[in-house]
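As they're listed, the protein sequences go chains A and B.
Position 156, counted from 1, in the first sequence is what my numbering calls 156; the numbers after and before it change by one each time, with no gaps.
In short: position in the second sequence from 1, add 1000, done, that's my numbering.
Keep in mind that the hints were calculated from the coordinates and are not lab data.
Output of the computed footprint for chain A on chain B, the stretches with three or more beta carbons under 8 Å from beta carbons of chain A:
no.	segment
1	1031-1042
2	1049-1055
3	1119-1131
4	1136-1150
5	1443-1451
6	1477-1483
Per label pair, the in silico range of CB-to-CB distance:
no.	chain 1	residue 1	chain 2	residue 2	range
7	A	W116	B	V1130	35 to 45 Å
8	A	K265	B	V1237	52 to 62 Å
9	B	S1409	A	W55	28 to 38 Å
Capping the alpha-carbon separation at 30 Å, the derived lysine-lysine pairs in DSS-like fashion look like this:
no.	chain 1	residue 1	chain 2	residue 2
10	A	K432	A	K140
11	B	K1120	A	K432
12	A	K332	B	K1406
13	A	K332	A	K431
14	A	K359	B	K1406
15	B	K1216	B	K1406
16	A	K432	A	K332
17	A	K265	A	K359
18	A	K140	A	K359
19	A	K432	B	K1406
20	A	K431	B	K1406
21	B	K1406	B	K1120
22	A	K432	A	K359
23	B	K1120	A	K431
24	A	K227	A	K114
25	A	K332	A	K265
26	A	K359	A	K332
27	B	K1406	B	K1215
Backbone N, C-alpha and C define an ideal beta-carbon position, used for all residues, glycine too.
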Amino acid sequence: MSDTHAQTAAYVRESMIGQSAPPTGQSGAIRWMRENLFSGVTNTILTLVSIYVIWVIVSHLFPWFANSIWRADSLTQCREIRDATVGADAPAACFAVIVDRWQQLVFGFYPQDKYWRPVLALVVFLAAIAPILFQSLPRKALWFSAAAPFLLFFLLWGGSVWLPVCVALGFVIGAVAYRLLVASAGTLTATLAAIVLPLLYWLFLAGPLDAALTAVAPVGLEYVQSKDFGGFTLSFIIGVAGIALSLPLGILLALGRQSHLFIIKMISVGFIEVIRGVPLIVWLFTASLLLNYFLPPGTNFDLMLRVIIMVTLFSAAYIAEVVRGGLAALPKGQYEGADSLGLDYWQSMRLVILPQALKISIPGIVNTFIGLFKDTTLVVFIGLLDPIGLTNAIRASTDWNGVYWELFIFVGLMFFIACFSMGRYSLFLEKKLQREHR
Amino acid sequence: MSSATDAPRASFRLSQLIYDTRYRSITIQVIALILLIAAFWWLINNTVQNLAMLGKDFDFSFLGARAGYDINQMLIPYDNSMTHGRAALVGILNTLLVAFMGCVTATVIGVFVGVLRLSKNWVVSRLMAVYVEGFRNVPLLLWIVLIFALMTESTPQPRDFREGGSASLLFGDSVAITNRGVFIPMPTWGDGAAILGIVLVVSLIAAFLYRRYAKKVLFDTGRLLPMTWPALAIAIVPTVLVYLAFSFTTGGVRMQLMGAEATEGQSVAAYAEANGPLSVCMPEGTIKLNMQRMLRANDIRYTEKDFATEEGAVQAFRNGACNLVSVPAASVAAFTEGTDLAVAPLAETSPRGKPLEFEKPVLGGFNFEGGVQVRNSLIALWLALSLYTGAFIAEIVRAGILSVSKGQSEAAFALGLRPNRTMNLIILPQALRVIIPPLISQFLNLTKNSSLAIAVGYMDVRATLGGITINQTGRELEGMLLLGMFYLTLSLVISGAMNVYNSSTRLKER
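Please take these sequences and the hints and turn them into a complete structure.
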């Protein structure tokens, strides 16, 4: 008899079984599906219902897209092509309308031979916005961004090149005055000078200067009227101008609302609440119907400019509320810390408070911008031709009477791309600026 | 700021107004005030000048003038002989109607989608993400126009509902979706409807009080009374009982159809043949509804004369305004004796009707008749507003639920609370504190966005007061001012209520 375990026990495994793959139900796709899609009765029902919904949508839309027709001159022709190729009554999208009219949807009634100008303007805009959005680009490029608004104005509207130059000169005068005075006369005087001098210049000097320069050197592009703007160009101009102008105004309003100065606070609160309490469409009607009452008799200025002003004021009020949230969310210690360092109000705001408050408010600010961009479609009701208004105009022609979905899809998709990328950028910025919990 | 140790000098120098922080704030405020007053003065002065130049005055008396235009949807009686003020009120009610409907649906959609977006189920959460992103990133106006186009272009015409047509009614022949709008059953009130309503209100209050009592008992003694089912029972059972009681008593009473110059027991069809065109005196409510049904079942053509009460209908019949009327079967004898006319009961009777019955839409000559026509403009606006705002609410709900840290639910489980109760007692109260304020602001947005009714021609306050009234009277300034004031008041009231709620639920901190 041996004492070894192997001989005393009835059965002892002498060799290990090689590893085998887990059962099919416990690995890979099947396991994932069991855990994520069919983990319980409710979950299974939800999955089946969602799949059914997806199936209904896809089964209705897929043939429509698959049969889509891209080359035709009218809806009737589209239908003829459909009847000839896929058979009568088969669902078929007629995207030929987009091919035929995309220029109108994008540029409105902008003169056809000058399409290069808005296109170039878009390129300039992208080049100008890039250094603002992405910190990794060279900082020197910001000078180009500062000059871009004037260049964009010149490209889009045309006219004499000296007008934007003369307007820009006002800002230069302000900056120079501030630089020269800040050392000798103090911040307050310098700031006042930087505001008053350019105003005086614009009121009394800029006009004659522009006229004189134009007379001496008539350089310029052909003037394009505001009423010729339309489509996505119009949405883009109103949206971008509104965004660029409303952010500083909104921040000022938010600071005013948080201010200890009673009257400043009351003015800010009143402005914000009145603007926010009334729908944008009512403000747009006010701009188009009533503005002439409020301005000196005989004044009449561009409808597009009025719209830009209204949209700016409107979204500034919303941004003010968002920024106020950011300001309120900062711990009191930050304000007290800035004070204890001996910073004055604007210094503490610029160096300590606003960088933190704005960081907190980024999602809200971008949401407001997205809202503003979407709201540019409302200008259709006061007679400007935004993309949705143009779909009506296109449908009004005999060629394309009855085309709905293709146009809506195109317009919706363009807006979706613009707004969705804005949202993604805000996520990116939020992540990049996040300092905690790294 | 607070570190000044030397005593303030007694003498005041002018430069202190700029350089001394104590006075500078006053200087700035005074300057701001002067600028503000100047700006207002400038605006008002310009307005006065402009009005004078146009030969207009500033006066609201146009609100009392005859409107002269029709409104296609009204919740209160209105016709074009009424005033602009009344038209504005109709518009306000229409705005509030679509805003209320939108808020309710958007909340339901938002909560549903927000919760599902957090689901571990991949398909469901992706689907919800697509919905949210799709609606959030496309202008509301486009959705409104798109849904309106869907409703008018892709729905069947009323004639498609005829036999052999391609369309059919939904939900047991009660709802018709057509390109002229959606036709839904109209509730009609019968005997005892008022009592039924009172019972419902009282039992809802009772249910609410019971819940409060149960909560008080829970907090005072720790004893947990069942809450949901008893409260539900208190709210529903009495109403159902009253409804059934009325249905079996007065609801069972037959109304005998009486014909002038009729022979007793004649069928209504024979009577119609003998006596020419029929006109029927009908009281409002379920009696009328059931008479209509009975006459329609017999294929009778008739003209209808409506009266508010049964007595009114009978009186009109006695005066010869019509040749058919119906009276309760029990009082037929009294009725025939009490009149000089030759009156006799016909063969047909109809039930008096239950306290609440529904009048279904029926296909008439060119369109559906009966029921309520919900216009496509309302449907498109309502759906688009709900779906659009629902996407935003879904994000709010999701953020609210995510804001409650996981430790809270784990602690609740550790205390032995079941998932249901954990949700009700731990998660929801904390999530709601985060959810409610932005939710209210979404409701406000929805209400303001309802002014996009202009895109589909829905007659809201912008279309009546701020549209047709302005065009007809030329009072842009006054009209827009009133319109703005309406929206502003609405916003301020709602946000004021929200602030009260906020301060009552805020965490108490230093």
